[in-house]
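Build out the structure end to end from the sequences listed, making use of the hints.
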Amino acid sequence: MSINLDTIVRTHNPAHTTSLDSDQRIRATARLDQIVASPRNADIVRSRPRVRKTVLGSDRASQTRRAPGGRRLRRASWITGTSLAAAGVAAALVLGNIVGPAGWRGGADAAAASTLNDAAAAAIKTSDPTVGQGQFLEVATHAAYASVTVTPDGTPATFLASQDSQLYIPKDSSQTWTWIRDARVPVQTFGAESEKAAAADPPFPAERVLLRSGAFYGPANLTSASLAALPTDPAQLLNYIYRTTLGQGVSPDGMALTWIADTLRSGLVPAGIRATMYRSAALIPGVTLTQGTANLDGRTGVAVGRDETDGVRQEIIIDPNTGLVIGERQMLLKALDGLPAGAAMGWTAVTTTVAASVPSGASK
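With my numbering, letter number 363 in the sequence shown gets 359, and the count goes up by one each step, no holes.
No lab work stands behind these hints: they were computed from the structure.
Check the hints yourself; a few may be wrong.
Unchecked claim - What follows is a set of in silico ranges between Cβ atoms, one per label pair, in the way DEER data are often shown:
(1) Thr151 x Gly307: 36 to 44 Å
(2) Glu203 x Asp124: 25 to 33 Å
(3) Ala117 x Gln232: 18 to 26 Å
(4) Ala195 x Ser123: 40 to 48 Å
(5) Gln129 x Gly338: 31 to 39 Å
Stated by the list, open to error - EDC-like mimics (lysine to aspartate or glutamate), calculated; alpha carbons at most 16 Å apart, straight line:
(6) Lys330 x Asp303
(7) Lys330 x Asp306
(8) Lys167 x Asp124
(9) Lys192 x Asp149
(10) Lys121 x Asp315
Using N, Cα and C, we set each Cβ at its ideal position, and we do this for glycine too.
Rendered as C-alpha cells:
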C-alpha cells in the first residue's frame, strides 16, 4: 500500500491514522506531532520525502505535502555505539558556544571551496528583489519527490511526483501569506511496477492556503528577523548549524549541508546571509564539486555536494555568475527502493521574483 500522510498533515487530526496498521500509525502520528509541535526553522522549512526503514529497509521519511520552506524529516541519528563519546565531546563544545568543530577537520575540497567562496562573492554583488508597497515576493517552487508503494510481495515500487507551488509574501511579512499548491501528479516512473504505483496514486488537487505570517503548519520561524539573527561569521554559523541539528541525519557534516540546502531552497534567504551560508558549506569536510555543469529544471549551474554512507548524495545547485540558488537535489549512489543508481530521488528548483498581485483561484 502507498504511505502518504498528506491528508493527516492538512487536518492535524491524529484520528485520521486509524486506517493504517499499527506500525504505520506510530510513524504517522510521530510525523504529525513533528509538524504541529516543532518550530519551523528546526524541523519543517519544507519536509522532504523519505521512506522509513520499517517499511522499505532504508531510513527515509514518508511523503507529504510540505509547508513552504519546510525542512525535511531527518535521516537516522548518527549518535550510535562508539560515536557516543565523540558526540558527547562535540555536544559539550558546540552547545557551550565557546569552540566548535567547524574547521577542525578540514573542509570542502579545493574545487568546491573555490566554487562556494566565488558564489559568496557573487551573491553579495547581486541585488535581491525589492518588494514595493502593495507588491508581493513570489517564490515559485518546481519540485519532484519520491513516492513509494509496497507491492503485495513486499517489493518497493517508487515513482517521482510533482510538488509545485507558488508562495506570495506581502511587503509586511507579518500580514497574510498566500500559498498556492498545484495538483500533485506523477512525473517519472522506473519500470512496470513503478508505472502501476503511479497510476494508482491518489489525487491531490490544487489548493490555496492563506495564513498570517506564513504560519502554515506551526510557528513561522523562517522570517527576515530569524534569518538576520543567524551568526554572520561562517565558522560560527556552521557551529550553530551543528548545534541545531545535533544527533540528526546520517552524519553531522551531512546534516549540516542538508540544513543549508533546505534553508536556501526556501527562496527567502537574502544575499548577505546566502553568502555566509556558502562560506559555511566550504568549511564542511567531505563537500566536493560534484558537477562543473549541472542542469536542473532547465537552468544551468554548478553542483556541490556530499556523499553519505546510506548511498545518497545531497547537492546544492548554484548559478556561479550571480550566486543565486538554482535548487537542490538528492542523488542515489546505488540502487535503492526501485530507483536505479544515478537517479534523483528528489529535487527542488526555486525562483524568486516580485509580483504585483496574487492570482485568484487554487492554481496559478
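For each hint, the structure was consulted:
1. For Thr151 and Gly307, the Cβ-Cβ distance of about 18 Å falls outside the hinted range of 36 to 44 Å, so the restraint is violated.
2. Distance hint for Glu203 and Asp124: a CB-CB separation of about 29 Å, consistent with the stated range 25 to 33 Å.
3. Checked against the hint of 18 to 26 Å, the pair Ala117 and Gln232 passes, with Cβ atoms roughly 19 Å apart.
4. Between Ala195 and Ser123 the CB atoms are about 46 Å apart, so this pair conforms to the stated range of 40 to 48 Å.
5. The hint said 31 to 39 Å for the Cβ distance between Gln129 and Gly338, and at roughly 48 Å that hint is violated.
6. For the proposed pair Lys330 and Asp303, the alpha carbon gap of about 11 Å is at most 16 Å, so the pair holds.
7. Of the pairs offered as hints, the one joining Lys330 and Asp306 holds, with about 9 Å between alpha carbons and a cut-off of 16 Å not exceeded.
8. For the hint linking Lys167 to Asp124, the alpha-carbon distance of about 13 Å falls within 16 Å, and the restraint holds.
9. Distance restraint check for Lys192 and Asp149: the Cα-Cα separation of roughly 14 Å lies within the 16 Å cut-off, and the hinted pair is therefore satisfied.
10. A C-alpha spacing of about 13 Å is found between Lys121 and Asp315, which places the hinted pair at or below 16 Å, so the restraint holds.
Consistency with the previously given hints fails for numbers 1, 5, ordered from lowest to highest.
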